[in-house]
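Knowing the structure of chain B, use the given hints to seat chain W on it.
Just so you know, the protein sequences line up as chains B and W, in that order. So for the first sequence, this note's numbering puts the first residue at 1; every next one is plus one. So for the second sequence, this note's numbering puts the first residue at 1001; every next one is plus one.
For the record, the hints were derived by calculation from the structure and aren't laboratory data. Please note: incorrect hints may appear among the correct ones.
Some but not every residue of chain W turned toward chain B, in silico, with C-beta under 10 Å [unchecked claim]:
(1) Thr1163
(2) Leu1287
(3) Phe1455
The beta carbon of each residue, even a glycine, is placed where N, CA and C say it ideally should be.
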Amino acid sequence: MEIPSFRRTGVISVEELRSLGLLPPEERLRKGPVAILECPEQIPCNICVDACPSGAIRMDKITDIPRVDWDKCVGCGTCVAMCPGLAAFVVDLSKPNRAYVTVPHEFLPVPREGEEVWLLSRDGRRVGRGRVVKVWERNRTWVVTVEVPRELAMEVRAVWVER
Amino acid sequence: MPPSDRRIWDHPILVFERGKKVRFFFEGVEVEAYEGESVAAALYAIGIDVFSYSAKLGRPRGPFCMIGKCSSCFMIVDGVPNTRTCVELVRDGMRVERQRGLAPIPSTTPPEGAEEEVLEADVLVIGGGPAGLSAALEAASYGLDVVLVDEHFRLGGQLVKQTHKFFGSKELFGGLRGFQIAEVMSEKLSKMSNVRVLLRSVAYGVFRGGWVGIASRNKLYRVRPRAVVVASGASEQYLAFPGNDLPGVMGAGGAQTLMNEFGVRPGEKALVVGSGNVGLIVSYQLLQAGVKVVAILEIMPSIGGWFVHAAKVRRYGVPIMTSHTISAAWGSERVEGATIVKVDERFNPIPGSERDVECDLILISVGLAPDARLLAQARAVMRWVPELGGPVPLRTIDLETSVPNMYVAGDASGIEEATSAMIEGRIAALSIVSKLAEGRRGVEAAEKAKKLVDFLWNEYRTSPLLSRARRGKEKATVSHEEMEKLRREFPPAASFG
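Same shape as in the complex, but just chain W:
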């Protein structure tokens, strides 16, 4: 057992209040963690890099996304294989083992008394990030009964790991740090008696008649809401290069979860691939956590993210190498270095320009892909929009998809950023309220939605910095007439309301 402790105790922005000590077994050896830590964070904190060995070639694998989207952190927990250790809380006495190849089928019988419950709700919100929280708050403030579902064990989505202050305006939480926005919204929500929050729960499918299945721990829920907002976020994209599966190659967001949500230093010397806002912001946060950033690589001839974010890391001496990319990662059970290479104007590597750099962490920040699978399963009409990061549902301007009363908001509707996600969440909820609420309140909601739509499209998104996302969202937005036509042509599998 490595004696190291990668936990961060002093941080300029964050205070890590660690709960009481928890003891569990890793490969039969007793180890210590703190209450409130995920198994993955706790193991990483004590120096465990290898979480499993791959099924075919037995290659070592470590965590990648840290938010329950990839399968890199699968381990056997209390005899159950393929457990996502990044969203599994540590418990006293639990037994965690590395998976070596395919795991045997669990021999334990399912827990006695697994329950089922039918929920009543006006609005089901799937995802508790910026878009979902905003939608739930807005709908609940008009008196609608809301069920909010999230896979993680706390609300806030990716806001909880954002330590930088948000842009925008005072009214849009601008000036607050991301995790503070999550705190404000969660706090507000907890005071609303008409909102039920289901954490560690997954909305796994839409069924005939407008039923949605939700799987929680030892419990299955069924709900037939009058409307649904899908705010299921996004996942980080991979990059293909030799050695990209080595422990220590991680999503930039994964490293952010480790260091900012759990206070665990992801490495000592980092190489960051991709200079979009995520890569730039995470690099700055690495410096704040005491990690050296060797370089940020950018395959394009200019920096991807916003100038002010780039300036922040440049001032502390981090080089941003444009027209450069990674060609290989090396190491045995953990990254020990990388080969980087210059590219020509067609992005082909220039022979002879290879250079080796020493690092123990390689962070991939080459974009996000919307997670709109539930909408696709419900047979919402989808379109591949490169500007938005992948397939997204077509929607009207008020964010209703071709599945009647099934809405989309935030990154699931196409990659943009958190402030527009919050605005979208509110638009979707207000549009629902305008249909469901009686009389004056419904009219009021419709007017408010109209104002927000106007602000989002005619002010906020007119920034040239958002032009790519705007172009994408234009491609994904259709008129109400077109939507009716689409519904006739491609009938949805279900409908709500």
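With the rest of the complex left out, here is chain B:
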């Protein structure tokens, strides 16, 4: 069996996510915020299934890959706060000319709403700057929504604050 590329690099590509069925269809992304769970391995874990207030995450066995029902998901970001693997994100492509990405954050300083922060890609590159629009916290995981250029919506997966 060939080892998937993300197991060699620790970085999963958009193509890999798509082929695993982990990305919502384009038209759903344009409708409003929706969760993307970048969880491609069969971790024995079902925290997101229990956490989702919309009952939008499905799993038959604890060792299944979580599947999001894109129509039920409202993009609230609870899974972003609760996922033990910090592998849940929310992407919103409903506004013209810009996008919103919601990421988990567990570093100091914590971003403030309105602040400009660095946008980091899955491989840690600083791909731009973005304005933080919303921050909330649960059990010391901060859930940060940041405005990003539309073309970076599927690239930005972390933020970094430099003050």
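What follows is chain W alone, placed relative to chain B:
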């Protein structure tokens, strides 16, 4: 005395509530620490890297495992040589000295009135980590009298330094951070009047007739329990390379203890060797503590740990260098750098690919070895299982070893992870309850054990991510009939019950 203070005051996850100030003497000079700190953590915090000089070559040595398993932090404390400073609490006025070569035999007489006590217990649980705590809680909830022994000065084992959230399900404490799980379980245990906890105590041997000796501070206990659960955990494995004994070369878990249990930054620039879950998780925690991670090296062509843990460090720019290893560490009294090298498909270094990196911390995360020595001493039949990290006792599906009523659970039964350790602890306890408890409660416990066994083997461990551990645990598990045969062939040194 270096003026530095490596203590962490602001941390995204943890709050370090430091106790009152304590003053003690290090090499005759008065130094400050905080109540609740270990001597090793307190010295490291003020910039002390060298704890001793080796016996033969006089090479400098610093702490390695920080949990009382290795001998790297030995110092002379109040005249007593070979004191494990990582599990020794600071006290006002104590005198700590570096050991230079072999230490002289202590001249002080043993404390007057050293006591002895015989304990009564249904179940003796050895080790207060995830497996031991779960076993003690389960057994005690059925009314059995439990004695729980741990070498450290607090309960929780390695849970206390786990700041990440655990996988699993709500029922298995999933979603809570490791140290929070330790808090929940310790709190529950403290409310049970039928549990006696002995901290800073070591179960040092099993004796004829099913007696177990426990050495505490200035006190020896003897106990003849009806059943024993050995949940003594594991120790970190070393890696051989020139300079691996320099202060600043540390177990990844040792660094985790320093920064997450005591709030002391283990270094400024770290190189992590090994990309299993421990290496990946500790790297993320180093970043949270403000330590730069230069790189994570992995000798295999792919990452050892789970993808989500790797993704967490990659997002913050930490390189994971597969097919790479460390070939040397250099520095005089502290690591100043390392030479890394690329390896070919047979893991041989590729000449000319050496590269020097600057770092003051090298963390070894190349696996753990089960600590099942007490079981071996009791003459439990052991088997070397590479998938489990070393020699482990053979056991039945309900975790009873070839020493009757002596059970094993958690990493001591073979390296896996904390959630399965908690499940194993409960299975062992429930199996004991099913034998010891009268009537309906015993039947109920047997049914509960059966359900947990079924969940562990037929659901939880079916994850491909646990296939290696599962394979190992299959090799170490025998049928009840085989176990009877083993007992006849290799009679145990003692038995319980």
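So, going through the hints one by one against the coordinates:
no.	hint	verdict
1	Thr1163	9 Å, holds
2	Leu1287	7 Å, holds
3	Phe1455	9 Å, holds
Hint check: no violations occur; every hint is consistent with the structure.
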